[in-house]
Amino acid sequence: MTSEKMIIEIKEWLKEAAGFIQVSLTQKLRVSQKSGRTDLVTNIDEETQSFLVKKIKQHYPDDRILAEERGFDKIESLNGRVWIIDPIDGTMNFVLEQENFCIMLAVFEDGIGQLGFIYDVMKEELYWGGKNRGVFLNDQPMVRPKDASLSEGLLGMNAYMYGKNIHSAGEIGHASMGIRVSGCAGVELIAMLKGNHIGYISNLSPWDYAAGLVLMDEFGFRYSNIEGKPLAFSKREYFLAATPKAYTEIQEHFIQNSK
1 MTSEKMIIEI KEWLKEAAGF IQVSLTQKLR VSQKSGRTDL VTNIDEETQS FLVKKIKQHY
61 PDDRILAEER GFDKIESLNG RVWIIDPIDG TMNFVLEQEN FCIMLAVFED GIGQLGFIYD
121 VMKEELYWGG KNRGVFLNDQ PMVRPKDASL SEGLLGMNAY MYGKNIHSAG EIGHASMGIR
181 VSGCAGVELI AMLKGNHIGY ISNLSPWDYA AGLVLMDEFG FRYSNIEGKP LAFSKREYFL
241 AATPKAYTEI QEHFIQNSK
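Going by the numbering used here, the first residue of the sequence shown is number 1, and it counts up by one from there.
Listed next, the in silico PhoX-like pairs over lysine-lysine satisfying Cα-Cα at most 25 Å (straight line):
#	residue 1	residue 2
1	74	55
2	229	164
3	5	131
4	131	55
5	74	54
6	194	123
7	11	123
Rather than coming from a laboratory, the hints here were simulated on the basis of the structure.
Here the structure is a predicted model, which is why all the values come from computation and not from measurement.
Generate the whole structure from the sequences, applying the supplied hints.
In structure tokens form, the structure reads like this:
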């Protein structure tokens, strides 16, 4: 079971990791490519993940870890307690903008999200919460956003999906008040929690969405893969999250344009 002690520990780890990342921006980054020139990883991604993994193993040695870098990117199941980490979500932004990136960490037990943390490093804003705990910005409770319809709000979107109209992303975007592209899943999920966006459509891996799912559950958002099926937590997949009204409308657009 998760505890207040665990929450305090995680907050301390994230603030320490964020301080390390902020200092690293004054130094020379070592940047390399993974699958291509726009899929980057830096020494700071890897060192941040190593730091968090070490802390988890020291304090919770029986738990398992799913994370983006260094061989932690696959797990056979979500049975037991699993920590899901994205050390720097939005690495391209980190390298080129030095803002609009996050650390994300989630704790799941037997497939159910218990705690979620999204840390906007440069703004020093920690969005966190847990099952039946509510959602907080630093130490202040957040208010559940309005259940707005698709036509009433802005929609976070993956630029490639929108440009190529993958899974009707273009039509769905046009039905909204407009799309926004940040290049960081954490930033997009924060926008939903704040009520600034009514939804988010992208192509994500489990560490991109796990922390956000815990927080969105507390605020009643709906989420799935783009076809309405449960997220797999085992691969990159097309992701949809939105207010209940917008989610239903987006699914209707997808079904209609799939015929």
